[in-house]
Structure formats: structure tokens, C-alpha cells
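Chain residues, written in single-letter form:
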Amino acid sequence: MISFELSDEQKMVRDTVAGFAGNEVRPAARASDETGVIPFELLSKAWDLGLVRGCLPENVGGYGDPRIAVTGAIVAEELAYGDLSFAVHALAPRLLAFPVLEMGTEEQQHRCLSPLAGDQFVAATAALMEPYFDFDPVEMRTTVLRSGGDYVITGVKCCVPLAMESETLLTYVSASTKDGLSPVEAFLVPRNAEGVRISEREKHMGLKAVATYEVLFEHCRVTSENRLGGERGINFARLLSESRVAMSAMAVGVARAAFEYARDYAKERKAFGVPIATKQAIAFMLADMAIEIDAMRLLTWEAASWLDKGLDALKESSQARNYAASAALTVADNAVQVLGGHGYIREHPVEMWLRNARLFGVIEGVAIV
Amino acid sequence: MKILVPIKRVPDPATTIRVLPDGSGIATDNIKWVINPFDEIALEEALRIKERQGAGDVVLVSIGQQSWQEQLRTGLAMGADRAILVKAEQPVDTFAVARILAKIVADEKPELVIIGKQAIDDDSNQVGQILAELLGWPQATFASKIEIADGRCTVIREADGGLETVAFTLPAVITTDLRLNEPRYASLPGIMKARKKPLKEIAVDTLGLDLHPRVKIKAMKAPQKRQAGRKLSSVQELVQALHTEAKVI
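Protein sequences, first through last, are from chains A and B.
Per our numbering, numbering through the first sequence is continuous, rising by one, with the last residue being 1007.
Per our numbering, numbering through the second sequence is continuous, rising by one, with the last residue being 250.
Careful: at least some of the hints might be erroneous.
Chain A is faced by these chain B residues, among others (derived, beta-carbon under 7 angstroms) [what the hints assert, rightly or not]:
hint: 1; residue: P184
hint: 2; residue: Y186
hint: 3; residue: A187
hint: 4; residue: I192
hint: 5; residue: M193
Restraint-style ranges between C-beta atoms, simulated for each label pair [unchecked claim]:
hint: 6; chain 1: B; residue 1: R83; chain 2: A; residue 2: K649; range: 15 to 25 angstroms
hint: 7; chain 1: A; residue 1: N830; chain 2: B; residue 2: T170; range: 54 to 64 angstroms
hint: 8; chain 1: A; residue 1: R907; chain 2: B; residue 2: N126; range: 35 to 45 angstroms
hint: 9; chain 1: A; residue 1: L949; chain 2: B; residue 2: I121; range: 44 to 54 angstroms
hint: 10; chain 1: A; residue 1: A919; chain 2: B; residue 2: I218; range: 16 to 26 angstroms
Dumping the calculated DSS-like pairs for lysine-lysine here, alpha-carbon to alpha-carbon at most 30 angstroms [said to hold, decoys possible]:
hint: 11; chain 1: B; residue 1: K197; chain 2: B; residue 2: K110
hint: 12; chain 1: A; residue 1: K905; chain 2: B; residue 2: K198
hint: 13; chain 1: B; residue 1: K197; chain 2: B; residue 2: K3
hint: 14; chain 1: B; residue 1: K3; chain 2: A; residue 2: K683
hint: 15; chain 1: B; residue 1: K232; chain 2: B; residue 2: K33
hint: 16; chain 1: A; residue 1: K905; chain 2: A; residue 2: K683
hint: 17; chain 1: A; residue 1: K947; chain 2: B; residue 2: K194
hint: 18; chain 1: B; residue 1: K88; chain 2: B; residue 2: K226
hint: 19; chain 1: B; residue 1: K198; chain 2: A; residue 2: K649
hint: 20; chain 1: B; residue 1: K198; chain 2: A; residue 2: K947
hint: 21; chain 1: B; residue 1: K3; chain 2: A; residue 2: K908
hint: 22; chain 1: B; residue 1: K217; chain 2: A; residue 2: K683
hint: 23; chain 1: A; residue 1: K649; chain 2: B; residue 2: K194
hint: 24; chain 1: A; residue 1: K908; chain 2: B; residue 2: K197
hint: 25; chain 1: A; residue 1: K905; chain 2: B; residue 2: K110
hint: 26; chain 1: B; residue 1: K33; chain 2: A; residue 2: K683
hint: 27; chain 1: B; residue 1: K201; chain 2: B; residue 2: K110
hint: 28; chain 1: B; residue 1: K88; chain 2: B; residue 2: K232
hint: 29; chain 1: A; residue 1: K908; chain 2: B; residue 2: K232
hint: 30; chain 1: A; residue 1: K649; chain 2: B; residue 2: K217
hint: 31; chain 1: B; residue 1: K217; chain 2: B; residue 2: K232
hint: 32; chain 1: B; residue 1: K248; chain 2: B; residue 2: K222
hint: 33; chain 1: B; residue 1: K110; chain 2: B; residue 2: K222
hint: 34; chain 1: B; residue 1: K248; chain 2: A; residue 2: K649
hint: 35; chain 1: B; residue 1: K201; chain 2: B; residue 2: K88
Rather than coming from a laboratory, the hints here were simulated on the basis of the structure.
This structure is a prediction, so every number in the text was calculated from the model and none was measured.
Backbone N, C-alpha and C fix where the C-beta goes; we use that ideal spot for every residue, glycine too.
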């Protein structure tokens, strides 16, 4: 059976996060984009919603709520509808929390999740992307080698959000089966470990309010208890799928923001005595944008629902992400077009959303849904 | 302290309201329903009083159809402890609502009732006052600040000419104004927990009350569209227009 009906809880989650994103996040988005800083009070308010703490187990101080990928997609869409930068920043702690929650050993859960179960926002992050044009998450150039009982990590990561303020960098690396490891492993690297060097903050086209960094690992030695999942290792395909669902959901949020703004503008703005929305050239464009958004969301939710069933969703999540990446860009671009000259100036937010929407085609995030 | 917070389900203030062509009511399709914003402020205040006192029981009550439990669940997600839905298929007027609430108060015996000063749908601004009268309790309407200590309550209320401070002993009825507080968002864990909190349903006809309506809605119509203003080039012209067209001077 296929159902598109959300549960009562999911509707309530959607309405709550939508209210927060609309009333609090959106009004702060432009200033955050200009200054590169997200107000801490706003992060605190989002933290109070339990976005991270809710799913953590009760024995580390969380609320033990079930983790549902479809609900995660709803949250990601609504927050990104408010502001993509804010969504990425507020959800970044999930980059560490969720993989540890899902695949970490009991000791790792206690060590890494307890600090995230407090009353105040705590930064946490993961390092996946690398600064190479042929970056492929299953063939990364950052490597790990066994050395005695320890592991030694060497390589460069980029676009690591909040790296400077996070205690632990969950670092994804290529490993060798000769060492008895899977092709991709993840390590809990303390930020101040010897051999970790964090560069200057990166400067982006969009997503300007999120501080991201290049991180250099120079023969960084970590002990065996920092291998995520211990001897079991990780299910990287699943983490990648979760990440792609999250990115797709955020793309839906950005696209919807742009579409709704353009639609409302077109109903108000008059040319030749009538609202421009009544002109077919505009109306068709708006209709196509609405269709794209629903299509993006359906692909995203489909992939999410496979994850919720515990099934492999690598194909579905990759399709969702690929589709969302190009559709979000098209929708945001069309939104600028509907506003015409006004769309290009900073008085309106659509140019910011166009810059933000470009992210989805180039980023390979990690699990935050 | 036990606090009763009556809440009403109303259309989202951001929704565009359309009157039905036959004038019998408003079109309810595609309307998003929310807790009346003033009642949400009342709930927030009740939760803050409970948090300040470190203990207490915040009970929600609503009077309406089965679907109204959605708003009760939202209130539970914000932090209320339990909820009562008085099921009434027919609409009830303010006097009937007050009588039902008086009955609930008699059963629940709260020390305080906090309710929105008015609902944003019909803007009656009557229920809190009638309820206080039926109970014979003190009332403080349009509260913008509430302080409670040793069974005594001090309320700053927004009167027409400025702020008025009133003090009285509990139990009492307080109605809330806009500036009393800023309601919290329900948290995700709160939403998950809300499902497990008790929600009691009572059929309205089991209460044995006379609820026949004193107020009848004869017809509804949308307000006339306001005409756009126009710019005048001189004071003389303005005076002329006020005199001959608006006929106000």
C-alpha cells in the first residue's frame, strides 16, 4: 500500500517547524547572509525544539524519540524553507549524532552523544567532501592505515561545517581490505588531535552564514576506540542514502521558498493594468515550478520511506538528490526571472535562494536526516 | 496549582476567509485550523506559572467536534498535562460555552482559569466574564502581567486609558491580552509525548445543561471592499471633499 497521508505527529512536527521557520528564521536570513553569522539565540530556540536531542537515547540524556526518515525530511524541508544556512547550521550536530546513534558502539554513544543532550546548542560535524574535481564518496583520497593497535589518517577534507567549534570531527576515509577494513570507514577524530590542521574559513557563493573549513590530516593517529562501530565498522551506503535524502529535502525547502515568493509577487505586481500572474508566460512558469517541487518531494519521501523500512535506498536517494539538485536550481532561477530586474537585487530574497540552490549540485553532505 | 485553560479552534489568522454565497457561514474547505492565539497565550502563561512553582497541573478543555482534538494535542505537545474534549456537534454560543465551562470547573476544581480575552473568529469577548459571574469568582480581563503569591494574584490589565493593577484572592478567572507573553513552539519530543497524554471525551448532552442558543446568526457577509484613496493637490480641495463628499465637516 502506498500512502501520502502524514501521521498526526508528522503534521504537528511540520506545522511547528514551519511556524518557527516562517516567524523566526526567515526574518533573520538576509542579515545572516550578509554578515556570515547566524544569531546564537536563534540556534538556541531551534535547539529547544529538540531537533537533535529528541532522537538521542534516554540513557545519554535524550528523549528517546523514534528516528523516522520521512519526519526528518519534513523538518529539513521546513527549516530550509526558512533559510538554508540556518538549516545546515542547526542540523549540523546530527552529522555526528545520527551515525553514532545508528552505528556507534555503546561506549561511543555515551562519549559522543552525552555532550549533545544538554540544554544549549553544541556544534558537531562530519568531514566527507574533498577538494578534488573527481571527488567520489566511495573512492576518497583521505586514507587510513592500521599502525599497531592504532589508526593513522592522512588526507584533506573540505566544506566541513562548524569544524572550528566542534570537539569531534567524524571523518570518513578510504581503507584497505588488507588491513581488515571496509572500503569506507569513519573515525571520531578529536579536533585538537595531533596532525589535525584546520584552515581559514572557506568563502562561498551561497550558504554564506555557515562557517565551513578545509581540514588537513597529517599522519593523524587515533586509537581503535575511535573507529565508528568498533570492529563492526559502518554501513556507509546507508549513511550516504540518509545524507542524500536530507539534501534533497532541503532542496525542496529552498525551491518552495523561491516559488511561493515569486507566485505572490506575480499576483501583486501589475503590468499593463493586470497582475503579471495572469500572463501566460508567467502562469505557465509558476505552474511548472509547482510541479517540480511536488516531484522533488515525492522522490525524497520515497527514498526516506525505504530507509524507514530498513531497506537499501541508495538508488532512490541518489535519484532524489540528482533530481532535486537540478530542479531546485531551475525553480530558483525561474523565481528570479518572474521578479525580473527586482529578482537580481538584494532587496528581494530570490537571488540569495538562487545562490543557495546552487549548493545541491556540488555538495555531498552526510547523514543529517 | 491546578489551572484550567479553555481553548477554541479557529481559522489560522493568515488564512483568507471567504463567506459562503448563501451567507450561512464561512467556507471551511482549505482552511488551516489553529488554537485561538489569545488562548495560546493563556496556555503559555499557565505553563510558565507551573514552571515557576515547580509543580502543577495544566488542564485543557475545548468544546466542539471530534476534529478539535487536533488543537488539544497541539496544546498537550506544548506542555499541558491532560485535555478534555466536550463533544458538541452543534455550534454553541458564548453563554452556553460559559455554562459548560462552569460545569467543568465544578468537576475539575481548578484554582485558576486562564482564557483568551476573545476568539479571533467571532471576537465576542464574553466567555471569561460570563464564566466568572457564573462561578462567583473574581475576574481580571485583558491581562498583560500576572503574579501569584500565597493564594493572592496581582494582574496588570490593559484598560482603555492605560494600565490598571488589580489584586484578588484565588480562585479566579483571568483573560489574556496580546502582550502577556510570547507562546513557545511545541518541541519535537513534546509532540511525541502528547500522543500518550490523557485526552478525555465527554458528550455535551451528558452534562444536563440548558444550552439552547441565546444568540442566532442570521446571515454573514463580507465587508465592503474599501476603495483606494486618492491624492489631492491642495488643502482647499481636501476641505471641499470632506464637506461635500464625506460630509464630515
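Each hint, compared with the structure:
1. P184: 10 angstroms, violated
2. Y186: B:Y186 check passes; min Cβ-Cβ to chain A is 5 angstroms, inside 7 angstroms.
3. A187: Cβ of B:A187 sits 5 angstroms from chain A, so the hint holds.
4. I192: This interface hint holds because 5 angstroms falls under the 7 angstroms limit.
5. M193: 5 angstroms, holds
6. B:R83 <-> A:K649: 15 to 25 angstroms: 21 angstroms, holds
7. A:N830 <-> B:T170: 54 to 64 angstroms: Since the Cβ atoms of A:N830 and B:T170 sit about 60 angstroms apart, the hinted range of 54 to 64 angstroms holds.
8. A:R907 <-> B:N126: 35 to 45 angstroms: Given about 39 angstroms between the Cβ atoms, the range holds.
9. A:L949 <-> B:I121: 44 to 54 angstroms: 46 angstroms, holds
10. A:A919 <-> B:I218: 16 to 26 angstroms: 45 angstroms, violated
11. B:K197 <-> B:K110: OK: B:K197 and B:K110 at ~24 angstroms, within 30 angstroms.
12. A:K905 <-> B:K198: 44 angstroms, violated
13. B:K197 <-> B:K3: 20 angstroms, holds
14. B:K3 <-> A:K683: 28 angstroms, holds
15. B:K232 <-> B:K33: Violated. B:K232 to B:K33 sits at ~39 angstroms, over the 30 angstroms cutoff.
16. A:K905 <-> A:K683: Given that 30 angstroms is the threshold and the Cα spacing comes to 34 angstroms, the pair is violated.
17. A:K947 <-> B:K194: Given pair A:K947, B:K194 holds - Cα atoms ~23 angstroms apart, limit 30 angstroms.
18. B:K88 <-> B:K226: 37 angstroms, violated
19. B:K198 <-> A:K649: 18 angstroms, holds
20. B:K198 <-> A:K947: Answer holds: B:K198 to A:K947 is near 27 angstroms, not above 30 angstroms.
21. B:K3 <-> A:K908: Given that 30 angstroms is the threshold and the Cα spacing comes to 56 angstroms, the pair is violated.
22. B:K217 <-> A:K683: This hinted pair is violated, its Cα atoms lying about 45 angstroms apart.
23. A:K649 <-> B:K194: Given that 30 angstroms is the threshold and the Cα spacing comes to 15 angstroms, the pair holds.
24. A:K908 <-> B:K197: Not OK: A:K908 and B:K197 at ~52 angstroms, beyond 30 angstroms, violated.
25. A:K905 <-> B:K110: 53 angstroms, violated
26. B:K33 <-> A:K683: 25 angstroms, holds
27. B:K201 <-> B:K110: Distance of about 16 angstroms is within 30 angstroms: holds.
28. B:K88 <-> B:K232: 54 angstroms, violated
29. A:K908 <-> B:K232: 20 angstroms, holds
30. A:K649 <-> B:K217: Given pair A:K649, B:K217 is violated - Cα atoms ~35 angstroms apart, limit 30 angstroms.
31. B:K217 <-> B:K232: 43 angstroms, violated
32. B:K248 <-> B:K222: Holds: B:K248 and B:K222 sit about 26 angstroms apart, inside 30 angstroms.
33. B:K110 <-> B:K222: Between B:K110 and B:K222 the Cα gap is close to 41 angstroms, so the pair fails against 30 angstroms, i.e. violated.
34. B:K248 <-> A:K649: 53 angstroms, violated
35. B:K201 <-> B:K88: Within the cut-off at roughly 10 angstroms; holds.
Figure legend: structure checked against the earlier numbered hints; hints not met, in rising order: 1, 10, 12, 15, 16, 18, 21, 22, 24, 25, 28, 30, 31, 33, 34.
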